[in-house]
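> Residues per chain, in single letters:
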Amino acid sequence: MTVASEPPSHKGKRPSRLFKNWMAKLASLPMILTALVVFVGGTAWTVTYSFTSSRMLPKTSWVGFDQYERLWNTDRWIISIKNLGIYGICSMILTLVIGFSLAACLDRKIRFESAFRSIFLYPFALSFVVTGLVWQWILNPDFGLQNVVRGWGWESFTFNPLNDPNTVIYGLLIAGLWQGTGLIMCIMLAGLRGIDEDIWKAARVDGIGTVKTYVMVIIPMMRPVFITALVLIASGIIKLYDLVVAQTGGGPGLSSEVPAKYVIEYMFRAQNLGQGFAASTMMLCSVVIILIPWAYLEFGGKKRG
Amino acid sequence: MADMTTNTAAGPRGPKPKKAFSRGNIFLYGTLIVVSMYYLLPLYVMIVTSLKGMPEIRMGNVFGPPMEITFEPWVKAWSEACTGINCDGLSRGFGNSVRILIPSIVLSIAIASINGYALSNWKFKGSETFFTILIIGAFIPYQTMLYPIVIMLREIGLMGSIGGLVLVHTIFGMPILTLLFRNYFASIPEELFKAARVDGAGFWQIYFQIMLPMALPIFVVAIILQVTGIWNDFLFGVIYTKPATYPMTVQLNNIVNSVQGVKEYNVNMAATLLTGLVPLVIYFASGKLFVRGIAAGAVKG
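As they're listed, the protein sequences go chains D and F. Each step along the first sequence adds one to the number in this note's numbering, with nothing skipped, and position 234 is 245. Each step along the second sequence adds one to the number in this note's numbering, with nothing skipped, and position 48 is 42.
Next up, chain D with everything else stripped away, as it sits in the complex:
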């Protein structure tokens, strides 16, 4: 756009094209280095070394897919994947449902809208560590919620998700939803505000109920917003790490392990770099699988349409 095409007669006198705009290129050097060296180079390096038997230090002793074979035969990894699957599916569905419902409630021209919005969004400003620790305390069986309800007279009340291997992941989910739904609500609310008032008038004229209008008309219209929200939620889920470390530490036993934690444990604690690299490459693959259809929908569609 700003780079006007030079007339060919000047070409001989000018220095090479490389020095055109040289100050802009120099100033962009940090960006270029980050993109090429850290993002592309770092990722390629990790993928390459996942085919080696590196332990304490990275070394180039190639072992083919051995690390991956070992990875998929490790219980801890299988548990991590299952946990991430359960957490991921529940979190995606519930975040979308809660986020949209809250946004729809706030969009009904209510009073104190901004107060409610601040309340729903403030957990998003807090870190996962803080989130995890607070919920660990609230869900503490001896002093927390369970104890309080028992104190009200319901002696047999049991709500102790964090100490039961079968339910610990739902304990994490409660905390994760508390922290993240506000963001999705905000995005949904922005989407709802973008919808033409006339749609509502038309629906009212046709005698369609409020809930039905949302389900049949508004949600299909908000497809791009939902896709953005899904991509955001999904990329957050794969990164799930701090919350687990703070709230459960992966326990009881290994029952709340997640892939991101597996990678870090093997790379930095167990000094088994090859395993860590293989596991992180698997994480990368899952992101690519999510990202490609989205990029296709988002950008492939635009070019054709």
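Please keep in mind that the hints were generated in silico from the structure rather than gathered at the bench. Nothing here was measured: the structure is a model prediction, and the numbers come from that model. No residue lacks a Cβ here, since even glycine has one placed at the ideal position from N, Cα and C. Hints should not be assumed to be uniformly reliable.
Computed footprint of chain D on chain F; a stretch qualifies when at least three of its residues, placed anywhere within it, have a C-beta under 8 Å from a C-beta of chain D [said to hold, decoys possible]: (1) 122 to 135; (2) 212 to 219; (3) 266 to 275.
Label pairs and their computed distance ranges (CB to CB) [said to hold, decoys possible]: (4) Gly54/F to Glu80/D: 31 to 39 Å; (5) Asn177/D to Gly54/F: 33 to 41 Å; (6) Arg52/F to Asn177/D: 55 to 63 Å; (7) Pro183/F to Ile210/D: 32 to 40 Å; (8) Pro304/D to Glu149/F: 20 to 28 Å; (9) Gly54/F to Phe76/D: 48 to 56 Å; (10) Ser112/D to Gly281/F: 19 to 27 Å; (11) Asp86/D to Ile79/F: 33 to 41 Å; (12) Phe168/D to Val256/F: 21 to 29 Å.
List of simulated lysine-lysine pairs, PhoX-like, C-alpha gap at most 25 Å [said to hold, decoys possible]: (13) Lys36/D to Lys117/F; (14) Lys257/F to Lys70/F; (15) Lys36/D to Lys120/D; (16) Lys119/F to Lys188/F; (17) Lys31/D to Lys117/F; (18) Lys70/F to Lys36/D; (19) Lys188/F to Lys31/D; (20) Lys120/D to Lys282/F; (21) Lys250/D to Lys93/D; (22) Lys236/F to Lys250/D; (23) Lys36/D to Lys257/F; (24) Lys236/F to Lys70/F; (25) Lys212/D to Lys223/D; (26) Lys31/D to Lys119/F.
Starting from the known structure of chain D, fit chain F onto it as the hints suggest.
Leaving out everything else, chain F in the frame of chain D:
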């Protein structure tokens, strides 16, 4: 029938005024209030617990207000709580976090704003490609890049230091901030840039004298985004620093989840609240700008 028509003709016109408390409204506000309680509960519990003494906590009601308010847990969390052998409280983590935060913000925003400016006004061959790689990089799980960065930091001698962590925050903050600035600068009319070019202004002159002053609001958004993001970081802190330079979040986790000693829940909650205080203050003080920051982060591409 006839009666009714005469009635409406004589009566007041316009739609029937709505009752303030219709059934739908009660349901709507009821839902919102109940949900609000779920969202507010942890904050309330944190505050209440941190103001109680241990005997009162052992008695049981987490939701009950403190019978006797004590600020001792706060003092203890700030200056005495132990991580391993160090017993100087969260104040050290706070200091580290501040020393990480300020240079990280300055460096990351300076670089990202220049990137955004170059990308929207000084496009060169390949600039869009680098930008695309940068944005894709934002989606790559950090785990894939953790170890190569360890090697790089070791090579330049910054591993374990605050400087190293600053560099890491600058790198990983770059995609989103560059996007933010690029989109903002792209919305500034191009004539302004061209006029300055005609007048003979160069790269830096246009940046400092025209673009920077116009971009102040977006700088505020970027600062809010970075303060909360960097302050809340745990992963990079735990990997790229050592105990003496741990940021507050890492130290907090070590204090609360340490297995040694008697658990002092009131001190733990005071520590948690202290760590959450900075982003909370930023959040409630910035209001709409915070929302704008996350919206900018949300709408990628």
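> Could you tell me which of the numbered hints above are not met by this structure, giving the numbers in increasing order?
2, 4, 5, 6, 8, 15, 18 and 23
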